[in-house]
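Colleague: One letter stands for each residue in the lines below.
There are 2 protein chains.
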Amino acid sequence: MCSEKKYIYSFEEGSLDLKPLLGGKGAGLSEMTGLGLPVPPGVTVTTEACNLYYETGEELPQFIKEGIQDYLTELEENMDKKFGDDANPLLLSVRSGAIISMPGMMDTILNLGLNDQSVKGLAKETGDERFAYDCYRRFIQMFGEVVLKVEAYKFSRKLDDLKEEVGADNDLDLTVDHLKELIDKFKRIVKEEAEVSFPQDPMEQLITAVEAVFGSWNNKRAIIYRDAHDIDHDLGTAVNIQTMVFGNMGNDSGTGVVFTRNPSTGENKLYGEYLLNAQGEDIVAGIRTPEDIQTFKDSLPEVYEQLVEVTQILEEHYQDMQDIEFTVEKGQLYLLQTRTGKRTAKAAIKIAADMAEEGLIDREQALLRVEPEHVEKVLHRQIDPEAEIEVIAKGLPASPGAAAGKVIFSADKAEKVAENGEKVVLVSLETTPEDIHGVLAAEGVLTTRGGMTSHAAVVARGMGKPAVCGCDLIKIDFEAKEFTVGDTTVEEGERITINGGTGEVILGKVEMTEAKLSEECKRILKWADSYKELQVRTNADNGTDASKAFEFGAEGIGLCRTEHMFMAADRVPIVQRLILSESAQEKQGALAELEPIQCQDFEEIFAEMEGRPVTVRLLDPPLHEFLPNLSELVEEVTKLRVKGEQEELRKKEKLLRKVKNMDESNPMLGFRGCRLGILIPEIYEMQVRAIFKAATKLATEEGVKTELEVMIPLVSELNEFEILREKIEKVAEQLLAEVDLELDYKIGTMIELPRACMTADQIAEKAEFFSFGTNDLTQTTFGFSRDDAEGKFLHEYLEREVIKENPFVTLDAAGVGKLVNLATESGRQVNSDLKVGICGEHGGEPKSIALCHQYELDYVSCSPYRVPVARLAAAQAKIRNS
Amino acid sequence: MCSEKKYIYSFEEGSLDLKPLLGGKGAGLSEMTGLGLPVPPGVTVTTEACNLYYETGEELPQFIKEGIQDYLTELEENMDKKFGDDANPLLLSVRSGAIISMPGMMDTILNLGLNDQSVKGLAKETGDERFAYDCYRRFIQMFGEVVLKVEAYKFSRKLDDLKEEVGADNDLDLTVDHLKELIDKFKRIVKEEAEVSFPQDPMEQLITAVEAVFGSWNNKRAIIYRDAHDIDHDLGTAVNIQTMVFGNMGNDSGTGVVFTRNPSTGENKLYGEYLLNAQGEDIVAGIRTPEDIQTFKDSLPEVYEQLVEVTQILEEHYQDMQDIEFTVEKGQLYLLQTRTGKRTAKAAIKIAADMAEEGLIDREQALLRVEPEHVEKVLHRQIDPEAEIEVIAKGLPASPGAAAGKVIFSADKAEKVAENGEKVVLVSLETTPEDIHGVLAAEGVLTTRGGMTSHAAVVARGMGKPAVCGCDLIKIDFEAKEFTVGDTTVEEGERITINGGTGEVILGKVEMTEAKLSEECKRILKWADSYKELQVRTNADNGTDASKAFEFGAEGIGLCRTEHMFMAADRVPIVQRLILSESAQEKQGALAELEPIQCQDFEEIFAEMEGRPVTVRLLDPPLHEFLPNLSELVEEVTKLRVKGEQEELRKKEKLLRKVKNMDESNPMLGFRGCRLGILIPEIYEMQVRAIFKAATKLATEEGVKTELEVMIPLVSELNEFEILREKIEKVAEQLLAEVDLELDYKIGTMIELPRACMTADQIAEKAEFFSFGTNDLTQTTFGFSRDDAEGKFLHEYLEREVIKENPFVTLDAAGVGKLVNLATESGRQVNSDLKVGICGEHGGEPKSIALCHQYELDYVSCSPYRVPVARLAAAQAKIRNS
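For the protein sequence lines, the chains are A and B, in the order given. Numbering-wise (the working numbering), the first sequence opens with residue 30 and increments by one. Numbering-wise (the working numbering), the second sequence opens with residue 30 and increments by one.
Source of the hints: derived by calculation from the structure; they are not laboratory data. Treat the hints with care, since some could be wrong.
It does not matter which identical chain is used: a pair holds within one copy or between any two.
[Stated by the list, open to error] Listed next, the in silico SDA-like pairs over lysine to any residue satisfying Cα-Cα at most 25 angstroms (straight line): (1) Lys687 to Thr513; (2) Lys833 to Val859; (3) Lys847 to Glu794; (4) Lys452 to Phe507; (5) Lys795 to Leu191; (6) Lys326 to Ser547; (7) Lys833 to Glu794; (8) Lys249 to Glu755; (9) Lys668 to Asp692; (10) Lys680 to Pro602; (11) Lys680 to Arg478; (12) Lys538 to Val446.
Could you put together the complete structure from these sequences and hints?
Modeller: Here it is in structure tokens:
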């Protein structure tokens, strides 16, 4: 009529490039048609037609209606079928298909074209009258609901009434006559509710259905969805009109779903299932058990061969593993849909590696195909996705992987039970340095208090053990030796499983999949290394972690936290003596005991890294962290007072005074980090001696020179750095002079306070490296105490989308990231040799790694189990930005 | 000999402009000489000569020596005296005089020119042989010590020995013969120690003295001082050689010190004292009591008249009050020094105001003459500077002013004792909202814990009451009702005085000067208002504070903290019920009780401000601040448990559970501010209702429309602001609609987190004003918890100059200030109407106010007693920057 534009594309005319016009589904069907694959013929009415529909007052313009009619005529000729015919009827499906799939839109109407006449044709053709009338009954119901907006329950109530009346247990017990009766009733419902007769004219059915699809673009649910996801309201949806094919026309017919490769293992072999003489719904309904696709070659060998050929064409065309729906009608194969197949982590890695080896994709593509989280998943034991699980509570996902074992409430007992060969999950309020042996003995840890940075969480992540923390729904009764959660009580010795990746606590022991770093995974990571620009280091505080990280490909240690060395059960008493010392002599005594211990630790770590860079952070936490908890001590002293036990009381009272004296309102912002180093210099001096003694020993005895980087934490002001730098140099130079050794070392600082970022240009004049401590930087920038926020409001903030992403998980680009970028730029402006890295937990998180790449940092550092993740993420960041 | 340069200036040749060459003293003497005032003649050897002295190997070049000789010959002629003469000897003083005065340098040698001959001449001329020989004895001693570097004790021991030998109690008991004997002994000491004979040649004495002055420029103490104060080592010192005059030549001679105005009151009347027939030292030594300068006009009327004239000339010339030393030798007035006189706060204000009125200086100069702190000092009672005080401890200067009273250890008792008309100082560990009545009743507060932002400090500052906080040297024994500090024990009821301006705790009651806002002060502040660009508002949480601030010139309220309204003793129980409520009904009940109370508070505040802008901040602190202390509760519960008191125990255990549940590791970074507002919206809704009800009541009943500004605290993310803005608008619009009132109001946010600064451009799109909460912003930017830092490390940091200034006192320009500036600029870029102010305590601190002016903020807000300070500081910032 008017317009030069083309509003209707047959599948032969379309292609993937026209997706904005044809929508996802239409473009896919066209693409397959274009590849010469057997697709039931059809047309797509474009998204522009949808817009036109709205422009002309929610009516399909006449010229489009005519266009559809013209195509239909053509189709009838090609198919040798007639729309509405009582012998050989043409039946159609009508489906929506926007560019982005979204909920709320009208999806599918099948078997369009059925009416009182053509239902007879269908019965004849299929030889199954009951099937034909059931199709018709369903069509009226579907059309009534989605096109004519009749409330669904009106139809289903009639169906139920009839079943009760005739004593039918389920739909299949209804006879053809019952169905005919139901069809009459359904027509009456349509008449009463929609105030129109159920349209017998197939063309009218079609136009109304197309208009209904377009109309559903602007229904309330769709609008809300688009608003929420920032999707343009003008995109519009397309409509696909396609010839129906039937898989239930005898034993030369069938239907199935295949994956071009095994979506579970990645094996390059057709995978899937099928049913002969059946429709797609039959597979979904589960009435008959589908057959393995491998047996299809015996049933319909020629069709099978064609299917294999077709799926290979599709995989090659889309360059990815495909998930394909097909129907066979009387020996004729039809493809109804193809899409990129979902897969497990293991399969994703194998498929990407294999396809690159096969030359189907290049290495860059292969690297982009694997999600960084896939790599971590295969490093940890996981709960079998098929397992049925009973989740009884959910805490914080504090350390990934799954663990199952007997519930044990104390570290000592956990150790004993584990020694007897039993698997144990340690369950406690929180863990302390005294519980380390329990954590070590357990398969995993569950705590009811504490957040992602709690002792339990940090220790578990370091050990690669699963942990769920801060699960405050669980109430432990230590006397009764049981915990309750809601109505459930779990006694000590009962088995639970925890999922440290989701925070789930599960009753009983569930099936798991074992961890394995496959050859394909190693290959992918090797490729990643050749692309990435960011160096990947690890956070490791002992030789075991360092060794594990090295195995996972760490190129050095970005953060070695010396305080973790203080936390072992045999060391805490010495540290406490140090803190409580009342004379210089006592203090020196404690330090002298600690020095060889720390030195030994450093020796092990340095040896593992074989000369690679190691950044050692001097003592950071406030000293009261090593002392008993104030409330508990108050309770103890009060008890002693009432009981009048004088000697013990005096001892504890003295301790209490000290603990009260050292107590801080906000320890996070208190007397810690370099502030300790400046005011109590003996501790840092001891640590520096231990570091350099270890390094010189390794150098002289093994000839391995460690690239030492001594890091001063919590600097907010250049003077702090300068004062400590001088002290460190003095101790180091003296030790090196003693053994007459030349050893290059760097002195730098952790940038973890906003003021350090704002004055980075000053600090960089004296510092040789910056390492962003983004955990603390996030805390101070947001004013979020992580421990408090995660328990008190952060969860709800995330749920309500007050903030979009947990800034402790993903680096906050708008605030914290901006500070990191600013500090990096201004630091490098005055010191072009400045080495810059990040050692917060963000260093192992892909989106944050992408930001670090963008900020042009030199390295990221993360826990050992995140190292492979970081290697891949760093490569992806590079590939995506070049 | 060589050089075109002039190295020697007679006082006639010099002037103030030549200060770099002549040093401060030389330039001053020249200036007075140039004004035609009677100055004993002399020369200045320049600072360049000093450098030349070093260049030529620490010797005075010959041509300079000759220059000095030449001038001396001239001087002898002019004075009709002869150097070294036994009848009429010319005597000189030699003094150092650098551009900046500094310690460690050789200062003064008097009576140079005395030798075995000229001492006789001096005896003759003065008619006092004993005086002449004592001068000679002293000259040898002084010259020996400072020029010839003989150790001082060698001389003083000989003097003591002699006194013991002859049975003299003090120097004056020594006869002429004793002195002659001593002179011989001193000469021998010089010979033995310095290995030279004491020089009899006056010219040699002079040259050696000049070289000694130059030599002292590079002594160790002077070098260290210059290093520490960044003073250039090349400045050099000048040397002044001046004719001696004597005030002890009979009753027509004398000496004195005068101020051109009263340095204590500022009164425009000559002030000072004098002695006839005396030398300057006699006034200092205090052997004779000097006379009031007013009686001088009776003693020597002509000289007095000349003195008055001369001092007026000097004051007019220097345009400031002068402190002048003079000597009268035989009826001839000589001026020896003039300098700007030190003065009290009160005098500074009166002098500046008077001088401007007199036309001596203009108003800008007057405003710059008064230090902002002067203005605060006159608002508070101060310890009399003359009083002798015994300081027993020093805490934090938490609220300025001085208070004296009986030590009382509990708020209840303080109230009772005060009701009996006794003055009381409340002494406690810390104060809580329950102690407010005690603070109100007390003259001042002394706490042993807590910092500058502790409850006691904040409340005391608000009330204008002196407070010393965190004085942890004081140990309170509540059972014995006493406190000890070191060896001192103070019992309840004993009197102490506290100085809230210095943190000093003083034994007993000391003399004080009363507070008064003089007419002159009011005038100065009025002028300040006409210059300043910054608006000055106040922080006020109640009608009393608002009224006081209004009286002090506040132009609005920049911060009204609604939580302080919760803290009164009668309100805390309601707030606790609100927090502990277990049903919506209970919660609503508590809120319904609080609403009219808050409404009443707002009414009073709004009424006081008479329509000026009032910024009300919605609830900010974490709710657990209103609950009992955890440790104390643990102690209580433990006691109850041991005693087995079941009913009370159950009650307290329930409370303990709640308190434990709400306890936070870092409340500063916890569940507070807008986070509460979002998750517990009922509280903010109640507050907004109370605010708008109060405003509409005032508007409808009194016709006064308050410029309302509702402030959302602790925003770190735009979404937080938007969510709350919407809620506030809804409540406000509904209330305004009910009374059919148009009322403009603004909704803005407190910018107190680094992330808010970094995302200020986003927040400013929706916010109408920013108010920088620089207290919290300083805490998060530095990572300093103020309470912890001030007790644990900040003090030492400041003492060691790790940081130069307390960032909680003076805004940290390099870090926090940079963030403030960044946020202001980026906020205004997207919203040019954005109103920007500061409401942290920095708002009342002059240096910080200067920064705020520089950042072009719209206003500063500070506590009522700082308002006048801020008005003056704001004017000074403007004047200094234009």
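Colleague: Among the hints numbered above, which are violated by the structure, and what are their numbers in rising order?
Modeller: Per hint list: 5, 6 violated.
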